[in-house]
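Fit chains B, C and D to the known structure of chain A by using the hints.
Chains as they are written, first to last, in the numbering used here: chain A, 5 to 371; chain B, 5 to 371; chain C, 5 to 371; chain D, 5 to 371.
Bear in mind the hints are in silico, worked out from the structure with no lab data behind them. Among the clues, some could well be false.
Treat identical chains as interchangeable: a pair holds within one or across any two.
What the hints assert, rightly or not - Derived lysine to any residue pairs resembling SDA-like cross-links, with alpha carbons at most 25 Å apart:
(1) Lys198 with Ala322
(2) Lys198 with Glu268
(3) Lys314 with Ile275
(4) Lys314 with Gly274
(5) Lys198 with Asp277
(6) Lys314 with Gly333
(7) Lys185 with Ser323
(8) Lys185 with Leu329
(9) Lys186 with Asn89
Number of protein chains: 4
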Amino acid sequence: MSSSFGEAFRVTVFGESHGAGIGAVAEGFPAGERIDPDELARFMARRAGGKSFSTQRREADSPRFLGGIRDGVLTGAPLALFIENASQRSSDYKSFENIPRPSHADYPMYVKYGGYADRSGGGHFSGRLTAAICAVGGMAKQILARRGIYVGAHAAAIAGVRDAAFDPLRVTRAELEAAGKKEFPALDDAAAEKMLAAIASARAECDSVGGIVECAAVGLPTGLGEPLSDGVENRLSAAIFTLGAVRGIEFGDGFAAAAMRGSEHNDGYGISDGRVTPLTNHAGGVLGGMTTGAPLLFRVAFKPTPSISKPQRSVDLASGSETELVIAGRHDPCIVPRAVPCVEAVTACVLLDLILGNKGATENGTL
Amino acid sequence: MSSSFGEAFRVTVFGESHGAGIGAVAEGFPAGERIDPDELARFMARRAGGKSFSTQRREADSPRFLGGIRDGVLTGAPLALFIENASQRSSDYKSFENIPRPSHADYPMYVKYGGYADRSGGGHFSGRLTAAICAVGGMAKQILARRGIYVGAHAAAIAGVRDAAFDPLRVTRAELEAAGKKEFPALDDAAAEKMLAAIASARAECDSVGGIVECAAVGLPTGLGEPLSDGVENRLSAAIFTLGAVRGIEFGDGFAAAAMRGSEHNDGYGISDGRVTPLTNHAGGVLGGMTTGAPLLFRVAFKPTPSISKPQRSVDLASGSETELVIAGRHDPCIVPRAVPCVEAVTACVLLDLILGNKGATENGTL
Amino acid sequence: MSSSFGEAFRVTVFGESHGAGIGAVAEGFPAGERIDPDELARFMARRAGGKSFSTQRREADSPRFLGGIRDGVLTGAPLALFIENASQRSSDYKSFENIPRPSHADYPMYVKYGGYADRSGGGHFSGRLTAAICAVGGMAKQILARRGIYVGAHAAAIAGVRDAAFDPLRVTRAELEAAGKKEFPALDDAAAEKMLAAIASARAECDSVGGIVECAAVGLPTGLGEPLSDGVENRLSAAIFTLGAVRGIEFGDGFAAAAMRGSEHNDGYGISDGRVTPLTNHAGGVLGGMTTGAPLLFRVAFKPTPSISKPQRSVDLASGSETELVIAGRHDPCIVPRAVPCVEAVTACVLLDLILGNKGATENGTL
Amino acid sequence: MSSSFGEAFRVTVFGESHGAGIGAVAEGFPAGERIDPDELARFMARRAGGKSFSTQRREADSPRFLGGIRDGVLTGAPLALFIENASQRSSDYKSFENIPRPSHADYPMYVKYGGYADRSGGGHFSGRLTAAICAVGGMAKQILARRGIYVGAHAAAIAGVRDAAFDPLRVTRAELEAAGKKEFPALDDAAAEKMLAAIASARAECDSVGGIVECAAVGLPTGLGEPLSDGVENRLSAAIFTLGAVRGIEFGDGFAAAAMRGSEHNDGYGISDGRVTPLTNHAGGVLGGMTTGAPLLFRVAFKPTPSISKPQRSVDLASGSETELVIAGRHDPCIVPRAVPCVEAVTACVLLDLILGNKGATENGTL
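Okay, chain A solo, but in the shape it has when bound:
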């Protein structure tokens, strides 16, 4: 259903970029869980931007809770939250409303909704909606952590500059948490500097750059995920594409596996401390939709920010003529740093959903 994902735990987002605000309803949060508001604020701050390398404007995206929580504890009723838009529908956008911005959803949105969609600033398709997802996902992260499950991500690449990678087999909770505390979300400081330089260079040239987010989760029970069409990959991939700029997702070796031999890619099993353990983790911790006991590991490709201030070819939908579009204002030349917590948030929601709806035994691999 359009703006919802999940089954046992379902997240529905609403709102528009320049309307009253944005929000989310989450059905299925377990009752009795306490939410730490400071931790949630810190998590949401990772997405909010406002730092030197990212968007120029800091939004105070503090959610107002409309239901489902009382005195900081979840009640079991649907969790509803709303984030007011500080500055509503700007007249600046009105003049561009009939000129679809390349690589934005403007044009198909115009066709699909017969011209009635609110397209100011992307409307319902705006990246701003991810603030609501991060609010819900930040809560899901806290609940998972209480169950020993930790989710973390970093910028694996920006503008072609590669960061160090998580160790697919041995990445730890500590590393995942450390990644979330970095001002710039790269594991390697030298890589971070090069990434920042590439972003600065793109901004200077009125252009933008893309990148790759790598995400891992540790502490998952073995056998999580419903086959064949409701497994970890099915659910995660479907949910991750909720984030507008995603162009691909791969698990474990991913596309590289296509050029490998079976003898290189296959993960053998051994026994360690009386438990069956994958000896390597080319699979990214998931086989046939189900977790293997190794860390879950996947990467998400983000395209360069669509909004660039270079002149672009477009059309005027009102007059039916070709035109040139110059997008004014200062736009974030790279959304990847802000996308890192968004990927974590979606992942936390999907994992919580799979855990709450889990139909199997998921004993933890002990023989």
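Then chains B, C and D, alone, in the frame of chain A:
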């Protein structure tokens, strides 16, 4: 729900590799559509294998219809079909049942189902289930074609050998149909030869190779797909991971977009014959979950066949000890040729679902 | 999913009786529909109470729109609305929080949510949530009316006093609209007076009374509804039980049909103006889940208001002892008048859902 | 989705009355459960008819399992079963195919599917499909029984003759099981005789009679059912209407509650053996969608068998003219005895679904 995908058009698969057989139920097929049985048989033959380059055993996977069709015409009731397993549960497999094969679902399946899963030959997770998906998808393809929508795919890469690519903006129905008629599913004959050589070499070395399937669809209305979480990418990616060996999916430029600049990646718009038209197709025909009017284009990464006859490290789940596994028998060293029609089948099902459940205007982009 | 119903058109409600407020998100509203705010306010006023016969307190339940509508026109994005609670969590309720009120959801809610549910005034289970349903349903009614479909209801019985019934075969749009304009929702004025007297008598005796709502819809296409488990009766019954006090639902002759002979109950067909027409409407306009072309007609049983001021036996969940409960304050001794528009609202939502998701031909019965 | 119901446990039925056969796929059955085939056969025999009072033809409805079970134990993969039609499409029906039978789904089915539906003997809408539901439901009953949950039903009324009723508060597992062992499903033998006489009289007069099925479940945890739209009543009512002849459903006092006072209808609470216990059970064991700890109790109204051999008015859809229809052959003048196990089967499926998908604490009411 585990073994089902789709909403307005829902496909549920059932059966096991070495049980009575496999089958599918498809709810939502439009009534009154005639199914050409010869065309369906030709489509299913593309998956069946038995050719020199592929699996050694040819299965006569002719489906028996159990409901939903009368005198070759769909009735509107659920379409149900069943493909009998010619040779049922082989005792050969019994001896391996407690030794999980690397890169198969055996081990998480064992944990999830508390040891009760039928794991012979992969059981419900066997690639054999894709025969049922191809039967349903082949019917969906026929229905789409009557609406002017054509789906086609080819092996974009095998063992690192690249095929020619579809032109993302100008690929035609004729090219898609021609791809489906090739004995070996590569567009370029020289590439095909190299791929065959790589497969033969892997076989000779008791090993296996993976590859990439590229799939395109033309004739789709603009604005197809429900935002934000039920768009083309969300639905397609979730459904494609139903195919067991998939490790990644990317749309348009995909992961390459992550290293591009916005000015390279963005697709401008022009007007051609009075219609808005994307001038390039880096997006792969879909923005914000909705089709743009350009061909839909995506790639799927398949890992090397998990079953290799080289010795591999595994464990005996019964005794709890480490062991070495040698998988006997002749296994298909590359599933990619057979995966090509499977990707088409899933895509046809997803597109039919999106069309039948479409909530927007989807006028075809005329100004 | 808990607090949601519908597929192609899905309504999710949130909020609690004494929290910040209540609201709803509706996904799937068609873009481009104009909503008449005055008509919506009139519809919501029918539920709001405040008249002599009903609740003593008038709530100003004017919804604030949070998304999905711009300048009064639906945009295609999720419609979100919020109704602030004028007076939040009252300390009056706190003292009763551990004493479950008979016939309310308090006790199972306490068990289910491990004591964490917000039970003040019923919390998420409060009848107050129906204000959000009426806001969405009132909009759905406007959209259906533009398609020639009209929904109306009345109090078929209160405290055993029967109202006149809609003619099952010949009820008209005019009659349905007239029913909605009555101050007290009975078709027959003499019945209305007796009902009012019965309500007044119950109030005087610190007691409450129940009743039956009869609802009809005209103008529906023939063949609407998906068999076998997604038909009109399946969807309507599931959604109607969202209203807390419902104890039963019946279509056409309903429970009376159980004592009839086939020759009495069966509806023959004739031809009128070149169209096939049911000659009678014992079926209530629906057979096998699909509309027949006759008006849709069903009845819903509402129990007496659970909150009565007579002393009742209950338990103190904190101390684990039996106790006597006296519910103070002035409670509505009969919710049926306010339930009438709620039944209309749910029905409009379900019919809109079935129409938007309709998979059949639904030509209108012309030969 | 049309012919499916359930979420965590989903049942999909397929097939037609005069096609190859009928069947079902059930997703979500827990792995490791042993199915007793004799008990299943006995349960299915209750539906099969062939006794003096019921249908004239005994069908050997022994299901063939197509997947999901091995050596009598569920594997966790989708359970698929098929029941072959002994005598396929009869030419007898062909002549009537264009004359819709009153009170059957024939006419709306014809309109919905543009004339392409297989309408022989009701096609997909035939009561024969309930054999597949009973096969799945009989398995669900066995699994529930192992968890201490028992479901039973009887004919509460046939042709206006009332049976004794279950005690709403004290009905026991033993009584529910005894009801299922009766040759004729009435609790009271004198009532059974009168019912049989009424059925015989209807048959003699070429007519039919309807009735009411009362169903109860004991042993349910308190707090089962997801609010507000996914509670016990929502799910059960939606699923029960899958059975074609159902015209109404009511819980506890049901429609009678509409004429009661709150002081009569409300169920107070007491403490017994340290547990909170409803003192009466007017609610039928469910409040606000959630179980209360008292037995679940509801009634389902079945219309008289639509097929009667008296002449009836209908139309010839081919020629567009009015005609008289005489349905030849011997038809079951009362489906209620056979409907009793069908109601149990659907109930068992819904309860298993709610239990597997349960999101609450459902501690069993201990203080």
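>> Please sort Lys314 with Gly333 into within, between, both or neither, judging by C-alpha distance up to 25 Å.
In response: Close inside one copy (11 Å), not across copies (60 Å); limit 25 Å.
>> Treating 25 Å as the Cα threshold, decide for Lys185 and Leu329: within, between, both or neither.
In response: neither (39 Å within a copy, 44 Å between copies)
> Using 25 Å as the alpha-carbon threshold, which applies to Lys198 and Glu268: within, between, both, or neither?
Replying inline: between (32 Å within a copy, 21 Å between copies)
>> For Lys314 and Ile275, with the copy left unspecified, which applies at a CA distance of at most 25 Å: within, between, both, or neither?
In response: between (58 Å within a copy, 20 Å between copies)
> When no copy is named, should Lys185 and Ser323 be tagged within, between, both, or neither for a Cα gap of at most 25 Å?
Replying inline: For Lys185 and Ser323, neither the intra-copy (50 Å) nor the inter-copy (44 Å) Cα distance is at most 25 Å.
> Between Lys314 and Gly274, at a C-alpha cutoff of 25 Å, which is it: within one copy, between copies, both, or neither?
Replying inline: between (55 Å within a copy, 17 Å between copies)
> Using 25 Å as the alpha-carbon threshold, which applies to Lys186 and Asn89: within, between, both, or neither?
Replying inline: Answer is neither; intra-copy 28 Å and inter-copy 41 Å both fail.
> Can you tell me if Lys198 and Ala322 fall within 25 Å by alpha carbon in one copy, between copies, both or neither?
Replying inline: Close neither inside one copy (43 Å) nor across copies (52 Å); limit 25 Å.
>> At most 25 Å between alpha carbons: which applies to Lys198 and Asp277, within, between, both or neither?
In response: Neither: 42 Å inside a chain and 46 Å across chains, both beyond 25 Å.
The structure shown violates the earlier hints numbered 1, 5, 7, 8 and 9.
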